[in-house]
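These are the residues of each chain, in order.
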Amino acid sequence: MFAYTIKRLLIAVPTILMLVVACFFLMHAAPGGPFTSERPLPPAVLANIEARYGLDQPLWKQLWDYLTNIVLYFDFGPSFKFKDRDVNDVIAQGFPISLTYGFLSFLVATIVGLSLGIAAAIRHNTWIDYLAVGLGIAAQALPNFVMGPILILVFTLWLGWLPGGGWNGGQWPYLIMPVIALSTSYMGSIARLTRSSMLEVLNSNFIRTARAKGLSDRSIIWRHALKPTLMPVVTYLGPVFVYVLTGSVFVDIYFSTGGLGQAYVGSALSRDYAILLGVTILYGALTVAVSLIIDLAYAWLDPKIRY
Amino acid sequence: MSLLSVKHLSVTFDTPDGDVNAVESISFDVLPGECLGIVGESGSGKSQTFMAAMGLLTGNGHASGSVQLNGREILNLPAKQLNLIRGDDIGMIFQDPLTALTPHLKIGQQMAEVLNVHRHMTGAQAQALCLNWLERVRIPDAKSRLTQYPHELSGGMRQRVMIAMAMLCEPKLLIADEPTTALDVTVQADVLDLIAALQQEQNMAVVLITHDMGVVARMCDRVQVMRNGAFVESGLVEDIFANPGHDYTKRLLDAMPRIDTDSSRVLDANANVILDAIDVKVHFPINISGGLFGRKIPLRAVDGVSFKLHEGETLGIVGESGCGKSTLARSVLRLIEPTDGVVSWLGTDLTALDKRTMIQARKDLQIVFQDPFASLDPRMTIADSIAEPLRTFRSDMSNRERRDAVKDMMQHVGLEPTMINRYPHELSGGQNQRVGIARAMINRPKLIICDEAVSALDVSIQAQIIALLKELQAEFGTALLFISHDLSVVREISDRIMVVYLGRVVELAEAGELCTSPKHPYTQALISAVPIPDPIVERSRKRIKLTGDLASPLDPTAALRFLPSKLAAGELDYNPKLLETTPGHFVAEHD
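Protein sequences, first through last, are from chains A and B.
Using this note's numbering, the letters of the first sequence map in sequence onto residues 1 to 307.
Using this note's numbering, the letters of the second sequence map in sequence onto residues 1001 to 1591.
You can take every hint at face value.
Think about it this way: if two alpha-carbon atoms lie no more than 20 Å apart in a straight line, the pair counts; the simulated SDA-like pairs of lysine to any residue are:
hint, chain 1, residue 1, chain 2, residue 2
1, A, Lys61, A, Leu19
2, B, Lys1106, A, Ala299
3, A, Lys304, B, Ser1552
4, A, Lys304, B, Gly1108
5, A, Lys304, B, Tyr1149
Ranges of calculated distance between the beta carbons of each label pair, as one might list FRET restraints:
hint, chain 1, residue 1, chain 2, residue 2, range
6, B, Glu1337, A, Leu72, 45 to 53 Å
7, B, Ser1027, A, Thr126, 29 to 37 Å
8, B, Asp1029, A, Arg123, 31 to 39 Å
9, A, Asn203, B, Lys1250, 33 to 41 Å
Quick caveat, the hints were computed from the structure, so don't treat them as lab data.
All residues carry an ideal CB built from backbone N, CA and C; glycine is no exception.
Chain A with its partners taken away, still in its complex shape:
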């Protein structure tokens, strides 16, 4: 397992490198640049600015400089749009916010989703099952950009219980609505996936054996059925984990949380190459790390998988 982990980490380096190179060229292939605007700058000024940021160099030279700066100094370069802030500052400010509400959303979606799914499977074809399935489908059908305004309407404008936006250092009243808005649809998917997976497991031969041994329902479900049930769910959780961090641009906009999602999308629109690439590398590395964790989790769930 140790050798496997090392091997996977070694493979991650060229993976991320390819990601960076692809993004770099795609970004430069798009028309316009960070300093194009409605009123064109005088050519002399533009040339000066471009020289300051190294944009006058040939593309391969720009890429080379960018990569060497990262490897040697862990410097992702200056932002083209925000003066006196470099990419490291932008990420250091936005990422902890995204991480906080993203991770909380992930926990809520997983815990509530799993509980609903398991309860539905155990009480198959009873009102608990129907309720859980109904909730799951409703939650899955509601995208977070619909959930956001509804939550603000109800809890801020009508009831006045919660602040309508802002971050405030992540105090809990400011966290509740972003987390609910972000987690609902994933929770619905997890609940439905867990339910169907567990129903399948409960129909399998080894569960019949466990019942024939005289084990209690509790022991059958927690000791025998849970781990195999989790296999397909874990496969789904990996992408969800990365999505809740990247997909949070809606949350950032509706709840003015100031997370990385807004900065990311903004940078793409304004051709802020440095921020875009920096955040892409961050998400890429995160994806690689999460998929490694998922693969290691498989080995824990299923002893047949050995690395």
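Got chain A sorted already, so can you dock chain B onto it with the hints?
Positioned in the frame of chain A, the structure of chain B alone reads:
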């Protein structure tokens, strides 16, 4: 007084198509210490009877009637009370030991929880008793098994674990539901011996649910024959086999192929050799973990097999699971590319043909697979499936001619021509296999390979398909390569039999001679393990046992399994030769 008394038990299932009556008002008793056989074909309700008695029906099943254990009603008890009985007074073992054990729990953990629930035993005390039982079911190296996972054991060992687990609380009744159906014949014999020994030792009653009359003859005191949810006949095993009263029982007994019956025919001694396989090898590279990148070692699935097949002849290929018999068949057709060797078909080397000429050659080389349902395209009507070889090879035929040819072939294999527009899911397993045979036969090929073609079918259907194959062979003069793990079936249909062990031929002879006077120790063990559906004959036979487990095909010295003298002499790469001891009887070198 009876141990288990079942009265007017009925089982129904709610299905989207309405209620299905799986078991209809059956009554029987199990006496203490006896072995009761419940025999029937698939769908007869034999398993569901006991599932209902034990409260193990699936959610849509309902049971009514009465089931009494020692005079106490247990049918439809709440799970809490049933749990006191299940695993304690009554133990159960099931057909497929691979899926019947929880994959992520160690053997020791799975066993100990039975003791924990019923005897409140935990820790070292429970582990000691588990180990004791693993030793009593004769698992080699029992102590290390406690910390292994089910997938790390072979099928036979897993079934022993199931038995040990069922025996932990020394039940008064053991319900064994097709306990050996998924096992190889030599392993089956060992497991049956074990169950019989435990029955004696513990004075325990055993209910043996099976489709195999041979197993019944070997094991049971009394037998109940079941069909369509009801008993058609019951009585002492000797009486039923000697004088079956009911037509169905008679048909069932007649349908069972027997390894001690001669069904040979006279073949033309001058028939031409049509297929000549010379030193065929198929090696698969297997990844072995270790180091940063792992490494590959060859798995010798087929390791130097040579044989000849004559026109119109049937050559049976027998071997246990994993011996490479299917790989051999597929490599002959180049469905798997052979690693080495020559397959000469009517004088041309098939392995040297390019893709286009190989496709042309396939017109005369057809194959019928094991699973009749899975090997037909579910979205094609059966007529389309049967007609496909004609489309490929007979583009000169008009649609009408083709349809007539299909209808004609369907009649030959015993399918109503009116079924022409049916889909595979609308037919039974036996009918689908007839479609598979019709598809293979439609171009009148010179060779048909039957890869376990009857193994998935019930005995009575199996007998019909074998009769059909023989008829078609007589009519069209097709040669057959008949591959099966079941030696009785192979003897029934084959002219010559080839026994394969770990990718190598150990014995090849005329069918009758091989079965009556086998020379290689492996063949002898194999034949002595095949149960004969006759209690008097079966119980007087002597078993020849091989010691030790099946060697791994990854082991480079596997070929020397029966030549320990060479192994001892250090000649590790010695190749046992196939020697012709009497004319036409080839035996691999052995000690």
